[in-house]
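Student: The lines below spell out each chain.
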Amino acid sequence: GQQVQQSPASLVLQEGENAELQCNFSTSLNSMQWFYQRPGGSLVSLFYNPSGTKHSGRLTSTTVIKERRSSLHISSSQTTDSGTYLCASSWQLIFGSGTQLTVMP
Amino acid sequence: EAAVTQSPRNKVTVTGGNVTLSCRQTNSHNYMYWYRQDTGHGLRLIHYSYGAGNLQIGDVPDGYKATRTTQEDFFLLLELASPSQTSLYFCASSDAGNYAEQFFGPGTRLTVL
Numbered sequence: 002g003q004q005v006q007q008s009p010a011s012l013v014l015q016e017g018e019n020a021e022l023q024c025n026f027s028t029s030l031n032s033m034q035w036f037y038q039r040p041g042g043s044l045v046s047l048f049y050n051p052s053g054t055k056h057s058g059r060l061t062s063t064t065v066i067k068e069r070r071s072s073l074h075i076s077s078s079q080t081t082d083s084g085t086y087l088c089a090s091s092w093q094l095i096f097g098s099g100t101q102l103t104v105m106p
Numbered sequence: 054e055a056a057v058t059q060s061p062r063n064k065v066t067v068t069g070g071n072v073t074l075s076c077r078q079t080n081s082h083n084y085m086y087w088y089r090q091d092t093g094h095g096l097r098l099i100h101y102s103y104g105a106g107n108l109q110i111g112d113v114p115d116g117y118k119a120t121r122t123t124q125e126d127f128f129l130l131l132e133l134a135s136p137s138q139t140s141l142y143f144c145a146s147s148d149a150g151n152y153a154e155q156f157f158g159p160g161t162r163l164t165v166l
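As you go down the protein sequences, you meet chains A and B in turn.
Its first residue numbered 2, the first sequence is counted upward by one per residue in the working numbering.
Its first residue numbered 54, the second sequence is counted upward by one per residue in the working numbering.
Same shape as in the complex, but just chain A:
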């Protein structure tokens, strides 16, 4: 079945720096979502992006189907970006283990 590898597992930035989060999938990619998980646990859907590039404010998601990978770029990071970022694929949403992002002031 599908396996999802997220990297890095954790990332510490200074405020204002950019971040690049990666997801790699073991089998063909046909559905893709990125989530932000708040420290309290609730999930925020960031992108539904099966292919191509999507933008939302300081966030950009790029999915390359042929290469079975997706990335999330965060520009000009802020302390409020701190939390866990999860990617998921497949119609039943196979999740990666997440990237724990900490943005220092």
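Take these hints with a grain of salt, some might be off.
[To be verified] Examples of chain A residues lying across from chain B (beta carbon under 8 Å, computed):
#, residue
1, Val-13
2, Leu-14
3, Gln-34
4, Ser-43
5, Ser-46
6, Tyr-49
7, Gly-84
8, Leu-87
9, Ala-89
10, Phe-96
11, Gly-97
12, Ser-98
13, Gly-99
[Said to hold, decoys possible] For each label pair, taking beta carbons as the anchor points, the in silico distance ranges come out as:
#, chain 1, residue 1, chain 2, residue 2, range
14, A, Gly-41, B, Leu-130, 24 to 34 Å
15, B, Leu-130, A, Gly-53, 22 to 32 Å
16, B, Leu-108, A, Ser-8, 41 to 51 Å
17, A, Tyr-49, B, Pro-61, 20 to 30 Å
18, B, Thr-68, A, Gln-79, 42 to 52 Å
19, B, Ile-110, A, Ser-76, 26 to 36 Å
20, A, Ser-76, B, Glu-132, 41 to 51 Å
21, A, Pro-106, B, Glu-132, 41 to 51 Å
22, A, Ser-43, B, Leu-130, 15 to 25 Å
[To be verified] Residues of chain B placed beyond 10 Å of chain A at every Cβ, according to the derived structure:
#, residue
23, Ser-60
24, Thr-68
25, Gly-70
26, Gly-93
27, Asp-126
28, Phe-128
29, Leu-133
30, Ser-135
31, Ser-137
32, Leu-166
These aren't lab readings, by the way, just hints derived from the structure by calculation.
Beta carbons are placed, not taken as given, at the ideal position from N, Cα and C, and that holds for glycine.
Fit chain B to the known structure of chain A by using the hints.
Tutor: Same frame as chain A, now just chain B:
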């Protein structure tokens, strides 16, 4: 107005206890899902349903039952709760099963002592 709601938001029970987690969606979606999330893991699918009266087994179904009573309501039942079921539980809904975007509830934190 939140489209996927869960109750309770927090629950503490003892080993062997009986627990029901509730989920309601107002998206008019056909598919609903129950996931659990444990430290070091992403979310893992327990059960899902594509309509009232339907139930499908997910990846980690052992120890759980589920029931979809209406298009809106999906319940997760733990009839003999064990400490290994201490977890954060999420419900989600989607319009279709085939690679459609899923919308999540706020989660229920369950502790089994």
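Student: Of the numbered hints stated earlier in the document, which are not met by this structure?
Tutor: Violated hints: 1, 2, 7, 15, 16, 19 and 26; rest satisfied.
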